[in-house]
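Can you build the whole structure from these sequences, using the hints too?
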Amino acid sequence: MSVAIDILLWGIVAGLAAMAGMRGRVVLSGALREGVVDFLALIPRMVFGVIGAGFLADVLPQQLIVSWIGPDSGLLGIAIATVVGGLTPGGPVVGFAIGVTALKSGAGAPQVIAFVTAWSLYAIQRFVMWEIPVMEARVVWLRAISSLPLPFLAGIGAMLIGKP
Amino acid sequence: MPPRRRIKSFDWSTGAVAAITVAAGAWVYWHDGQARFLESVSGDVGLTIYMLPKVLAGCLIGALVTLLLPREVVARWVGAESGLLGLAIAYIAALILPGSPLTIFPIASAFLAVGADVGAVVVYITAWSLIGYQRALVWELPFLGPHFVIWRIIVSLPLPLIAGLLARLLLRAIAARNKTRGKSGDEPA
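Each protein sequence line maps, in turn, to chains A and B.
Residue numbers for the first sequence, in this note's numbering: 1 to 164.
Residue numbers for the second sequence, in this note's numbering: 1 to 189.
A hint or two may mislead.
Label pairs and their computed distance ranges (CB to CB) [unchecked claim]: (1) Pro61/A / Pro53/B: 29 to 37 Å; (2) Ala4/A / Gly43/B: 16 to 24 Å; (3) Asn178/B / Ser2/A: 49 to 57 Å; (4) Pro61/A / Ile92/B: 40 to 48 Å; (5) Asp6/A / Gly43/B: 17 to 25 Å.
If you're looking for bench data, these hints aren't it; they were derived computationally from the structure.
Note that the Cβ used here is the ideal one computed from N, Cα and C, for glycine as well.
Below is the structure:
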């Protein structure tokens with residue numbers, strides 16, 4: 001599984017690099033350098049995110065998590081997970097790390113799906129750092145309002161479909 | 001081309017995560033002992049090594065796509081009069097064109113600047129957030145495993161279109177309200 005994903009991702013890299021290479025070697029090397037710089041910048045976040053998630057799963061009070069967002073917490077659990085997800089700061093690691101921590105500590109999968117969905121759509125920090133500076137305010141608010149029902153729909157959908 | 005913003009290697013959110021990591025690690029060390037502490041760390045180091053090649057590939061894909069994106073073509077396809085087809089094209093564009101927050105918002109904003117419909121832009125950002133393969137493969141899969149990711153993506157498939165349609169309805173409602181206000185003229189905007 002892991003190797004197949006690596007092959008897929010690096011196949012895409014090779015295809016895109018070939019297309020960029022046709023536009024000139026300088027263009028290609030510039031893009032590759034940008035990608036590598038981004039990668040190096042992400043490493044500290046990744047390391048802390050992964051190790052922190054492991055420790056937190058041991059530390060968090062499992063009974064509290066189970067009663068709030070456990071498999072039997074139903075719609076209320078989905079609502080709690082949605083609010084927490086929306087308020088969780090961004091970065092590619094944080095939300096998934098918290099999601100797996102919650103799962104390990106006894107949270108229900110539909111509740112974690114609602115959490116990940118809300119976090120993916122709203123991550124506060126992403127709003128402030130990336131979206132508001134770059135987009136028109138009107139569009140940012142329109143997107144925020146239009147996305148309100150989505151975490152609930154995802155959580156309820158996950159409950160209805162059940163684990164495949 | 002809109003200016004490309006850099007990822008900072010260490011900002012306040014990373015600092016917060018680092019502080020929580022150290023605190024939780026200290027707690028585990030004192031309460032559960034050194035063996036449990038080392039067991040947790042060694043498992044996490046394995047996970048990090050597993051993620052590294054995927055993250056590097058993801059960063060390279062993001063940088064190359066920003067370079068190669070045929071922005072004008074996509075903008076023509078998702079213009080204001082594009083209807084449901086425009087929403088569908090925006091959806092597919094988000095699936096095919098990966099990116100990070102560094103690239104996705106400048107691209108969406110460029111779409112708007114050349115006349116793309118707001119509903120299509122909402123579909124684009126939502127589909128990228130929920131279903132983009134780069135994010136799922138690089139970040140989500142190592143943490144949460146294939147069953148969870150596939151399950152989540154299946155229930156998320158209709159969501160970007162729902163958000164896009166809602167955005168169009170809201171816009172229409174706002175436009176209608178402004179129109180009636182304009183006619184009666186007794187309420188300042």
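These are the hints, each one checked on the structure:
1. Pro61/A and Pro53/B have their C-beta atoms about 36 Å apart, which keeps the hinted 29 to 37 Å range intact.
2. With their beta carbons about 22 Å apart, Ala4/A and Gly43/B fall inside the hinted range of 16 to 24 Å.
3. Our hint of 49 to 57 Å for Asn178/B and Ser2/A holds, since their Cβ atoms are close to 54 Å apart.
4. Here the CB-CB span from Pro61/A to Ile92/B is close to 44 Å, well matched to the stated 40 to 48 Å.
5. For the pair Asp6/A and Gly43/B, the beta carbons lie near 20 Å from each other, so the given range of 17 to 25 Å is met.
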